[in-house]
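Residue numbers (our numbering), protein chains in the order written: chain A, 1 to 307; chain B, 1001 to 1247.
Please keep in mind that the hints were generated in silico from the structure rather than gathered at the bench. Positions of the beta carbon are idealized from the N, C-alpha and C atoms, including for glycine. Check the hints yourself; a few may be wrong.
[As the list claims (entries may be wrong)] With a straight-line Cα cutoff of 25 Å, these simulated DSS-like cross-link-like pairs (lysine-lysine) come out:
(1) K173/A to K1224/B
(2) K133/A to K1244/B
(3) K1078/B to K173/A
(4) K142/A to K1109/B
(5) K212/A to K234/A
(6) K136/A to K16/A
(7) K234/A to K1224/B
(8) K120/A to K173/A
(9) K1078/B to K1238/B
(10) K183/A to K173/A
(11) K246/A to K212/A
(12) K142/A to K1117/B
(13) K1133/B to K1078/B
(14) K173/A to K1244/B
(15) K266/A to K304/A
(16) K1133/B to K1079/B
(17) K1087/B to K1024/B
(18) K1005/B to K1097/B
(19) K136/A to K1244/B
(20) K133/A to K183/A
(21) K246/A to K266/A
(22) K183/A to K234/A
(23) K16/A to K1024/B
(24) K1109/B to K1133/B
(25) K32/A to K15/A
(26) K1244/B to K120/A
(27) K1109/B to K1097/B
(28) K1238/B to K1224/B
(29) K173/A to K246/A
(30) K1133/B to K1087/B
(31) K1087/B to K136/A
(32) K1024/B to K15/A
(33) K1109/B to K1079/B
(34) K1238/B to K1005/B
(35) K173/A to K1087/B
(36) K1087/B to K1072/B
[To be verified] Beyond 10 Å from chain B on every Cβ pair, some chain A residues (computed):
(37) A18
(38) S138
(39) T165
(40) S171
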Amino acid sequence: MGAVTVDNIVKFYGKKEARVTALQGLSFDVQKGELFGLIGPDGAGKTSLFRILTTLLLADAGTASVDGFDVVKDYKAIRNRVGYMPGRFSLYQDLSVRENLEFFATIFNTTIEENYELVKDIYSQIEPFRDRKAGKLSGGMKQKLALSCALIHRPSVLFLDEPTTGVDAVSRKEFWEMLAHLKQQGITILVSTPYMDEAARCDRVALMQEGKIMSVNTPAGIVNEFGRPLLAVKNTNMLQLLQAMKSCEGVEDAYPFGEYHHVVLKPGGEAAVKTILEQMKMPYEQHPVTPDVEDCFMALMRNKDGQ
Amino acid sequence: MDNNKVITAHELTKRFGDFTAVDKITFEVTRGEIFGFLGANGAGKTTAMRMLSGLSLPTSGQATVAGFDVYKQNEQIKKNIGYMSQKFSLYEDLTVKENIRFYAGIYGKSDAFIKEKTGYILDHLHMTSEANKLVGSLPLGWKQKLAFSVAIFHEPQLVFLDEPTGGVDPVTRREFWQMIYEAAETGITVFVTTHYMDEAEYCNRVSIMVDGRIEALDTPGGLKRTFGARSMDEVFLKLARAAKRSE
């Protein structure tokens, strides 16, 4: 049995007339020791799913298990075995760094010393500030303390809900390096993020949108599913170029992608694109590119809308 | 002064006790420009934006925004700018129409102006049938697009966008940038922060703050040449990795 199994989980919010379906029947498994990413924008259902798996919220239908235990029947066993870092800072602001860590160790009947080895790499970075109140820490340090507290009872499964949201590119990279390190220690990690580029850091990912899973695969597998030729194009009038590409008959979709526009081609569409680039009479650049997870996410959204 | 400059800042500085949050920043933003304001967490972006939007007095240095002085005319600045953030922009328990009415009223717009422009905006956003729905019931992407329309409803000279696309899906994120381009075409200057490095490419010019100072300011192409980088992500990492302080 996998470390986490999710079978047809459904969650509603609100009364009948104004009922919102947050999770529309999700199913997937996470293997032991896997670093598994839930990738999707706000409103995809990532937090609802995490709260169901950590036994803080009841599903309206479906079943799920964590470390072999049922999320409803065996909720007490699960609570002893999981670590959970919610999206919002969850520590006691008026306790010191050391007091927070001690508190979490104590409620799980353990001590900092017993599991120090596991949190050492992370906690040692904030240990110089052990007497500072948690509320007075910088964002990056709060994040490290929250992760230490979620780990101090040596959980078998760790849930991290959007740990890198609103965090700058440098700190995001550092955080993912910490996760890679934890994975080596055998902890199963489920992490959610709205940043598509972080998918590449995971063993497997589920791409989520509006309460549904659009695809579950390895990052390479997701890219292979794209299955259509993709071009990067640019010239000296990017706005005009985008309009021209969108109305080109050889093109399925065109959208800005950093410095370039990405152009998804219909079969044999290259010639039509080339003609337009020539007709615009500007210096241009075009070359085939490998799609990344964001290209794939948009393609899946488009398919779902039936466009 | 030069009427074509919507922001001028000269050695603008803000200190809190012995901590220098913003350290002598000097730059100008031209009318109609899309200006990207980047920096790591704690680099001083928020403090700088608060000074430029008339919410916080500088410790030293000079700056004008929309032609007004940040020390003496901060009330006029507030009337001539728009502001939108990811965290808070609209009242969830007011309807779409009520939100528009509320913000337009704050900026002293006439009923006739509000009526005409509300119709135009709802039509443009394809939200006419949602006009009387609570904002809290709308998908995030719609909220963000509506929030942007509301922030520029009073036709300000300049709009500050603080991480406007955080957590938004990739398709809506691009639609949002389409709206930014349209606003810039009408002459509204856009001052935007983001953690998405691909979005830095969509700006006319980008500044990168490190430890309270502007360490680099150029077009995206110019920055990549200067730092010998292939992408804005690389430029950002090269500069931000050198930072001494975190928040």
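Hint check results:
1. Pair hint K173/A plus K1224/B holds up; C-alpha atoms about 20 Å apart against a cutoff of 25 Å.
2. Restraint check for K133/A and K1244/B: satisfied, since their Cα atoms lie roughly 22 Å apart, inside the 25 Å limit.
3. Proximity of K1078/B to K173/A is assessed by CA-CA distance (about 37 Å); at most 25 Å being required, the pair is judged violated.
4. Distance hint between K142/A and K1109/B is unfulfilled; the C-alpha atoms sit about 44 Å from each other, more than 25 Å.
5. A threshold of 25 Å between alpha carbons decides the hint, and for K212/A with K234/A the separation of about 34 Å lies outside it, so the pair is violated.
6. Proposed proximity of K136/A and K16/A is contradicted: the alpha carbons are some 44 Å apart, above 25 Å.
7. With a C-alpha separation of about 16 Å, the suggested pairing of K234/A with K1224/B holds against the 25 Å cut-off.
8. At most 25 Å may separate the alpha-carbon atoms for a hinted pair to count; K120/A and K173/A meet this at roughly 19 Å.
9. Of the pairs offered as hints, the one joining K1078/B and K1238/B is violated, with about 35 Å between alpha carbons and a cut-off of 25 Å exceeded.
10. About 16 Å separates the Cα atoms of K183/A and K173/A, which keeps this hinted pair within 25 Å; it holds.
11. A hinted pair counts as satisfied when its Cα atoms are at most 25 Å apart, and K246/A with K212/A does not qualify at roughly 28 Å.
12. For the proposed pair K142/A and K1117/B, the alpha carbon gap of about 45 Å is over 25 Å, so the pair is violated.
13. Of the supplied pair hints, the one linking K1133/B and K1078/B is violated, its CA atoms being roughly 29 Å apart against a limit of 25 Å.
14. Distance restraint check for K173/A and K1244/B: the Cα-Cα separation of roughly 17 Å lies within the 25 Å cut-off, and the hinted pair is therefore satisfied.
15. This hinted pair checks out: K266/A and K304/A have alpha carbons roughly 18 Å apart, not beyond 25 Å.
16. At roughly 28 Å between alpha-carbon atoms, K1133/B and K1079/B are farther apart than 25 Å, so this suggested pair is violated.
17. Only pairs whose Cα atoms come within 25 Å are accepted, and K1087/B paired with K1024/B is rejected, the gap being roughly 28 Å.
18. Our distance criterion of 25 Å between C-alpha atoms is broken by K1005/B and K1097/B, whose separation comes to about 34 Å.
19. Pair hint K136/A plus K1244/B holds up; C-alpha atoms about 19 Å apart against a cutoff of 25 Å.
20. As the CA atoms of K133/A and K183/A are separated by approximately 29 Å, the hinted pair breaks the 25 Å bound.
21. In summary, the hint linking K246/A to K266/A is supported, as the alpha carbons are separated by about 12 Å, within the 25 Å threshold.
22. Restraint check for K183/A and K234/A: not satisfied, since their Cα atoms lie roughly 40 Å apart, outside the 25 Å limit.
23. For the given pair, K16/A sits about 57 Å from K1024/B by alpha-carbon distance, which is inconsistent with the 25 Å threshold.
24. Simply put, K1109/B and K1133/B have alpha-carbon atoms about 23 Å apart, close enough for the 25 Å limit, and the pair holds.
25. Restraint check: the Cα-Cα separation between K32/A and K15/A comes to about 38 Å, which exceeds 25 Å; the hinted pair is violated.
26. For the given pair, K1244/B sits about 23 Å from K120/A by alpha-carbon distance, which is consistent with the 25 Å threshold.
27. Under the criterion of a C-alpha separation no larger than 25 Å, the hint pairing K1109/B with K1097/B is consistent with the structure, at around 15 Å.
28. About 11 Å separates the Cα atoms of K1238/B and K1224/B, which keeps this hinted pair within 25 Å; it holds.
29. A C-alpha spacing of about 35 Å is found between K173/A and K246/A, which places the hinted pair above 25 Å, so the restraint is violated.
30. Distance hint between K1133/B and K1087/B is fulfilled; the C-alpha atoms sit about 21 Å from each other, no more than 25 Å.
31. Of the supplied pair hints, the one linking K1087/B and K136/A holds, its CA atoms being roughly 21 Å apart against a limit of 25 Å.
32. Using a Cα cut-off of 25 Å, the hinted pair K1024/B and K15/A is violated, with the two alpha carbons roughly 55 Å apart.
33. In summary, the hint linking K1109/B to K1079/B is supported, as the alpha carbons are separated by about 11 Å, within the 25 Å threshold.
34. For the proposed pair K1238/B and K1005/B, the alpha carbon gap of about 30 Å is over 25 Å, so the pair is violated.
35. Between K173/A and K1087/B the alpha-carbon distance is near 23 Å, which keeps this suggested pair within the 25 Å criterion.
36. For the hint linking K1087/B to K1072/B, the alpha-carbon distance of about 29 Å lies beyond 25 Å, and the restraint is violated.
37. Non-interface call for A18/A relative to chain B: violated, since the shortest CB-CB distance, roughly 7 Å, does not exceed 10 Å.
38. The beta carbon of S138/A is not kept farther than 10 Å from every beta carbon of chain B, the shortest such distance being approximately 3 Å.
39. Remark: the non-interface label on T165/A conflicts with the geometry, its nearest Cβ contact in chain B lying 7 Å away (cut-off 10 Å).
40. Its beta-carbon lying about 6 Å from the closest one in chain B, S171/A breaks the requirement of being farther than 10 Å from that chain.
Checked against the numbered hints listed earlier, the structure breaks hints 3, 4, 5, 6, 9, 11, 12, 13, 16, 17, 18, 20, 22, 23, 25, 29, 32, 34, 36, 37, 38, 39, 40; every other hint is satisfied.
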